[in-house]
Amino acid sequence: MSLQQVTAPGIGPSIGSPAPVDVGLRKWIGARSSDHLIKVLSVLTLISLWYLLSAVLPSSVMPAPHVVAEVLWKQMVGGEIWNHVAISLTRIVLAFTLAMSVAILLGFAMGLSRTAESFFDVWVVCGITMPSLVLILTIFMVVGLNEKAAIVGAALPVVAILSINIWEGIKGIDQKLIEMAKAYHAGQFRIIKSVVAPQIAPILLASSRFGLGLIWKMVLFVELLGRSDGIGYKIEFYYQMFNMGEVLAHALLFLFVMLFIEIVLLGMLEKRLFKWRPAKRRL
Amino acid sequence: MSSAASIEIDHVSKIFPGRGGAQDFKALDNATFTVDAGEFVCILGPSGCGKSTLLNILSGLDDQYEGVASIHGQPVGRHGVKGSRIAYIFQEPRLMPWRTVRSNIEFALLASGFAPSEWKERIDRCLALVELADFGDFYPLQLSGGMQQRASIARAFAIEPDVLLMDEPFSALDELTARRLRQQLLTIWSTFRSTVLFVTHNAFEATFLSDRILMMTKGPGGRFCDEVKLDGLTRPRSYEDVRVFEASKKVVERLVSHVGSLDEE
Ligand SMILES: Nc1ncnc2c1ncn2[C@@H]1O[C@H](COP(=O)(O)OP(=O)(O)OP(=O)(O)O)[C@@H](O)[C@H]1O
Ligand SMILES: [Mg+2]
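Sequence lines, in order, name chains A and B.
Taking the working numbering, the leading residue of the first sequence gets 1, the next gets one more, and so forth.
Taking the working numbering, the leading residue of the second sequence gets 1001, the next gets one more, and so forth.
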């Protein structure tokens, strides 16, 4: 969980050269397809490794990929699994909204005021040091084994790291551009709208992606600990039954759903927002 | 052009208060000078003598100072000076990277209250002046450093400033690019005839560009110590002109006699 990686958002959109010459374009496509090829190979290798593992281990512990795929297919057709996906997704949305709201409040306060910065500094440091399990169990103890506790329990462990993220971003806002806007006598409102907001948007988007990635794992964890529905609960249930096929099928399906949201939806939003950023250069 | 004073700096001093028990820092000591309307004046002084500090005061960015700084007879303030348009070109281009060049200029036009119907014509004209006519729809990060600085010059001239403040705008560029931009700047200036206050630590640049050079001593507490008039150098000036070269040599001598050595430069 490096901060650096988060403040400079993951997938860099590429504009390439603005008036692509034919040669440049062809090269670019070439680079692109070889990139895809490597990705496909990487996935194939992963599946082969899984096969290898399933051949070595007893099938009750590590079922082969096609067995899991079959189980997954039956579940998807059966329909029951979708209810649990929906339940987990609802919890994710709620916990994410809660965590983001608190983190935005804290992050902005710390980024804009020195007093708030030194006051909350200690809290945030404690927050990132505290093991999530301790926080979640404490919430269950205090609030009770209910839905509210599940949401708060999933949100709380990520608030600190998200706050730091947003705080760093706010501190990185380019003061020189604000000076430029003032020198051209732009009003306060216009400065916020046209100079500050466009710098905050990428910070929030990057934090959202990062936060979502953490939250969904927390939600599964909370469901496993103290809920009787949701994907996390189903995983725990089949684990108790010693049915690894179902465990992996549930985990895989949810992984796909979340990857879709993280990469496809948020990634597309990012590409749209940052078409001004030049293609990332490799070192 | 009338010779009424356009910029007036009257006994202006600036002290940066020391943080956390540190000593106060005097960045500018009792500066007094005027610049006439349509005049091109260079402030020449070593690094750290308070040149940027002075421009920040004149542009209204810094309103914590002693003395009086006024433009066209009105004290400068955060919201500019009524009836005058002031543009500021910084050492770096300071373009918003998420906006195209055109849209960056539009921001300045909007802030200065120009009607949107005028924008396109103004922007096209100013981009052509800095030879960026084809680059309006490019994002700043797609341009070279010199092109970005030209875009920021276009932005400044787009608002048709009465007063133009420039803070070492070419010092980050290679000498050849800087030369071309200086030449372009003079050409543009000769059509607009804004009052220009240009800050630099490069004696040749000051000589080549200005009607008058104001010299400053080393900081802390930089003071204005000398003045060189360059009326003798007729415009348009060229780099090949021996007279410009001779004059700049004299300027360097004078500067050295005030500052000591130029080792730092
Ligand atoms: N915000 C600040 N707080 C404290 N001291 C400052 C501040 N800004 C500038 N100074 C000090 O004031 C002095 C003058 O700074 P200024 O930026 O005006 O120098 P300059 O003449 O523009 O130099 P350069 O040619 O290097 O740009 C410097 O010694 C600097 O340390
Ligand atoms: Mg400076």
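A couple of the hints might just be wrong.
Here are the simulated DMTMM-like pairs of lysine to aspartate or glutamate, each with C-alpha atoms no more than 20 Å apart in a straight line [to be verified]:
#1 B/K1082 with B/E1008
#2 B/K1250 with B/D1231
#3 A/K176 with B/D1062
#4 A/K271 with B/D1137
#5 B/K1120 with B/E1066
#6 B/K1229 with B/D1241
#7 A/K193 with A/E179
#8 B/K1229 with B/E1039
#9 A/K275 with B/D1137
#10 A/K39 with A/E262
#11 A/K176 with B/D1024
#12 B/K1250 with B/E1227
#13 B/K1229 with B/E1253
#14 B/K1249 with B/D1231
#15 A/K176 with B/E1008
#16 A/K217 with A/E147
#17 A/K176 with B/E1227
#18 B/K1218 with B/D1231
To give an idea of the interface, some chain B residues facing chain A are shown, with a C-beta separation under 10 Å as derived from the structure [unchecked claim]:
#19 Y1065
#20 G1067
#21 V1068
#22 Q1074
#23 R1078
#24 H1079
#25 G1080
#26 I1086
#27 E1092
#28 L1095
#29 M1096
#30 L1110
#31 P1140
#32 S1144
#33 R1180
#34 L1181
Simulated from the structure, these hints should not be mistaken for lab results.
Cβ coordinates follow ideal geometry from the N, Cα and C atoms, glycine included.
Evaluation of the provided hints:
1. B/K1082 with B/E1008: Since the Cα atoms of B/K1082 and B/E1008 sit roughly 15 Å apart, the hinted pair holds (cutoff 20 Å).
2. B/K1250 with B/D1231: holds (15 Å)
3. A/K176 with B/D1062: Given pair A/K176, B/D1062 holds - Cα atoms ~13 Å apart, limit 20 Å.
4. A/K271 with B/D1137: holds (18 Å)
5. B/K1120 with B/E1066: violated (41 Å)
6. B/K1229 with B/D1241: holds (18 Å)
7. A/K193 with A/E179: holds (15 Å)
8. B/K1229 with B/E1039: Holds, at about 12 Å.
9. A/K275 with B/D1137: Holds, at about 13 Å.
10. A/K39 with A/E262: Measuring from Cα to Cα gives roughly 18 Å; hence the hint holds.
11. A/K176 with B/D1024: Not satisfied, since the Cα-Cα distance of roughly 24 Å exceeds 20 Å.
12. B/K1250 with B/E1227: holds (12 Å)
13. B/K1229 with B/E1253: Answer holds: B/K1229 to B/E1253 is near 15 Å, not above 20 Å.
14. B/K1249 with B/D1231: holds (16 Å)
15. A/K176 with B/E1008: violated (26 Å)
16. A/K217 with A/E147: Between A/K217 and A/E147 the Cα gap is close to 17 Å, so the pair holds against 20 Å.
17. A/K176 with B/E1227: violated (31 Å)
18. B/K1218 with B/D1231: violated (26 Å)
19. Y1065: violated (16 Å)
20. G1067: violated (20 Å)
21. V1068: violated (20 Å)
22. Q1074: The hint is violated - B/Q1074 has no Cβ within 10 Å of chain A, the shortest such distance being about 14 Å.
23. R1078: holds (7 Å)
24. H1079: holds (6 Å)
25. G1080: Holds: closest Cβ of chain A sits about 4 Å from B/G1080, inside 10 Å.
26. I1086: holds (8 Å)
27. E1092: Holds, about 7 Å.
28. L1095: Holds - the Cβ of B/L1095 comes within 10 Å of chain A, reaching about 8 Å at its closest.
29. M1096: holds (6 Å)
30. L1110: With a minimum Cβ separation of about 7 Å from chain A (threshold 10 Å), the hint on B/L1110 holds.
31. P1140: holds (8 Å)
32. S1144: violated (12 Å)
33. R1180: Hint on B/R1180: violated, closest Cβ of chain A at ~23 Å, above 10 Å.
34. L1181: violated (19 Å)
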